[in-house]
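For the record, the sequence lines run as chains A and B. Taking my numbering, I'd label the letters of the first sequence as residues 89 to 424. Taking my numbering, I'd label the letters of the second sequence as residues 89 to 424.
In case anyone wonders, no lab produced these hints; they're calculated from the structure. Accuracy of the hints is not assured; some may be wrong.
Repeated chains share a single entry, so a pair holds when one copy, or any two copies, can fit it.
Claimed, not checked - Quick list of in silico lysine to any residue cross-link-like pairs, SDA-like style, CA-CA up to 25 Å:
#1 Lys105 to His203
#2 Lys94 to Tyr114
#3 Lys105 to Gln159
#4 Lys94 to Glu191
#5 Lys105 to Ala140
#6 Lys105 to Val303
#7 Lys105 to Arg396
#8 Lys105 to Leu169
#9 Lys94 to Asp206
#10 Lys94 to Arg141
#11 Lys94 to Arg147
All values reported here derive from a predicted model rather than from experimental measurement.
Protein chains: 2
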Amino acid sequence: MPPGLKDVAARAGVSIKTVSNVVNGYTHVSAGTRARVQAAIDALGYIPNAAARQLRTRRSGVIALAVPELQSPYFAEMAGLIVQAAERRSWTVLIDQTDGQAERERNLVAGLRRHAIDGLIFSPLALAGEELARGGDTPMVLLGERVWHGPADHVAIDNTEAAADATRHLCGLGRRSVAAIGAQDFASAVTAHQRLAGYRAAIEEAGLTWDPRLVARVERFHRADGAAAMAALLQRPRRPDAVFCFNDLLALGAIRTLLEQGVRVPEDVAVIGFDDIEDGRFSTPTLSTVAPDTARIARLAVDLLAERLGDGPAALNPPREVRVAHRLVVRESTAG
Amino acid sequence: MPPGLKDVAARAGVSIKTVSNVVNGYTHVSAGTRARVQAAIDALGYIPNAAARQLRTRRSGVIALAVPELQSPYFAEMAGLIVQAAERRSWTVLIDQTDGQAERERNLVAGLRRHAIDGLIFSPLALAGEELARGGDTPMVLLGERVWHGPADHVAIDNTEAAADATRHLCGLGRRSVAAIGAQDFASAVTAHQRLAGYRAAIEEAGLTWDPRLVARVERFHRADGAAAMAALLQRPRRPDAVFCFNDLLALGAIRTLLEQGVRVPEDVAVIGFDDIEDGRFSTPTLSTVAPDTARIARLAVDLLAERLGDGPAALNPPREVRVAHRLVVRESTAG
DNA sequence: TTCCGGATTGACAACGTTGTATAGTCCTCA
DNA sequence: TGAGGACTATACAACGTTGTCAATCCGGAA
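Construct the complete structure from the given sequences, taking the supplied hints into account.
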């Protein structure tokens, strides 16, 4: 049984509340008592009981981060950055994997977590705008490209523009048959829709003809999907000479298929991805990509949440949309 | 202010305790009252207050998983699997990144977490046996190859043997100059030491001469370290014809360097890694590796922890060592 | 009828913490 | 010298649960 305030108080010869005041750095405690209490704390190895504290204050010091999947390097990286940012506020981050399942996401937003959480940073995959709004009372910050003007603060890059940038880069290389890998049919696949829109816009802007047959659909955004999609594209009579993949994993899968079939990258087919995960910096060839400013996204997400959690008037502001910069990273897979 | 037992009790016209009994599925509650209470619960959308419950029961339903870094695909994968396994027991997993810093690991073991945790699954990187023993009272399961016969349950593969298997595979291909990448000098780098020992054993077993100059040291186990180490090895007058890398990331980095310098893999140099991360299945060439049975490791870790957490007599058993199988996965980087 | 025993239910006291109200104490200033 | 104020420290009551134990109810047995 670990020592409580009571034990410390007894040992220091003061009241329970005074110990509490010392622990919380309350101002009006004389140096003498403070020292005496501190000595008792150290001697007993007192650690405040989180549960009791939370019961009183309704604050747990825990925020949740919900991402579709940790296995995906992009999200793993993001998680790491957010944990770092939260640490500076001495928050603990509870990471949650939704696997993109609507049911789980819904539970999450409804606050059906068994464990009390002060706030939520959420990268939704399955849930659309209105459903998100149905959220409970936990402050929330949305991540990623899903919903603009949703019910909560939102941090994201301009997804459509970024996709267009990637495609423009391919067109700028003189490629005339630019394929895309990563389209998704279901309505909630907003990321895919937006990147497709950006791709299409850039294609038409370059004076190329928009050809739906050059757009490969995928189930998920994994290497295997990219590999399969590329194989399908290679079945067609005329091989494309460039491919924009909606994320880096798809691109790495696609490159794997190309090389396997003896197609040279980038000489025969240029490939660009999206996310700038570390893998792409060491693959062969190294992978051109669009790099969102992830560090900034993480920091902003935590900052926004902090503001909501504070009891200043800012906590009541209407939801904000924060747009973060991205940049094109040209590597071997397009630069040769 | 969310409804509490009190509110439900008032609405159902029963005592607070009866509601509690219903919520906890206590046996002696008549069907009639149970139904009435349940109706009230549903109507009010009552959710038990985790903090209060934890204060009473001293159980939070949260376990922590501490890994060196989430960015590393191996740990990310492991984390995902453990979360899955924990879910079946309706535990929540708090994932913690130690960055391999001794200080952080020490805090963790000492139970200096601000948030109460029922148990800990820990993959130590910096801490050695005795220090781990200094742990608090939270039940702990150790992961990875660090300590045998340590102070807590331990799940791991036979690291040395697995390294020997990988090296034997290279020798079996007829390679005569088999290098290693991943050695580390500091005493706490047990993983590196064990893999090195396995490598050396296999080398000598194959009748090759042990040459320390073929062993490259690294700071960390990342792609960049592998790339740099390989570059260093290539500086030497005679190029090795095979490399055993102590994990897959090192191997991917090494391959990158080899291809960059026009060395063919596996024709000129065969490369094998360790961990079987997904990246290696789609790299070019695909990566031969040693695959620990990660799913089993995850499941066992959670099971062992559950046993410790239970109040059966099993909770008091002496620490157990559980050895998990591994297997050699031969792919293009050694098979040609 | 009266009493017994099991099945139900309820009152009360914790768990360890912090906010509120209050009681001292000591100093300063009129 | 006394009043007022600043500063310290304390007592007490919550926060929402659950364990303990006693109270109540019911049907059937004596």
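Structure-based check of each hint:
| no. | hint | result |
| --- | --- | --- |
| 1 | Lys105 to His203 | between (28 Å within a copy, 22 Å between copies) |
| 2 | Lys94 to Tyr114 | within (18 Å within a copy, 33 Å between copies) |
| 3 | Lys105 to Gln159 | neither (47 Å within a copy, 44 Å between copies) |
| 4 | Lys94 to Glu191 | neither (45 Å within a copy, 30 Å between copies) |
| 5 | Lys105 to Ala140 | both (14 Å within a copy, 20 Å between copies) |
| 6 | Lys105 to Val303 | neither (67 Å within a copy, 61 Å between copies) |
| 7 | Lys105 to Arg396 | neither (30 Å within a copy, 36 Å between copies) |
| 8 | Lys105 to Leu169 | neither (38 Å within a copy, 44 Å between copies) |
| 9 | Lys94 to Asp206 | between (28 Å within a copy, 23 Å between copies) |
| 10 | Lys94 to Arg141 | both (14 Å within a copy, 21 Å between copies) |
| 11 | Lys94 to Arg147 | both (22 Å within a copy, 21 Å between copies) |
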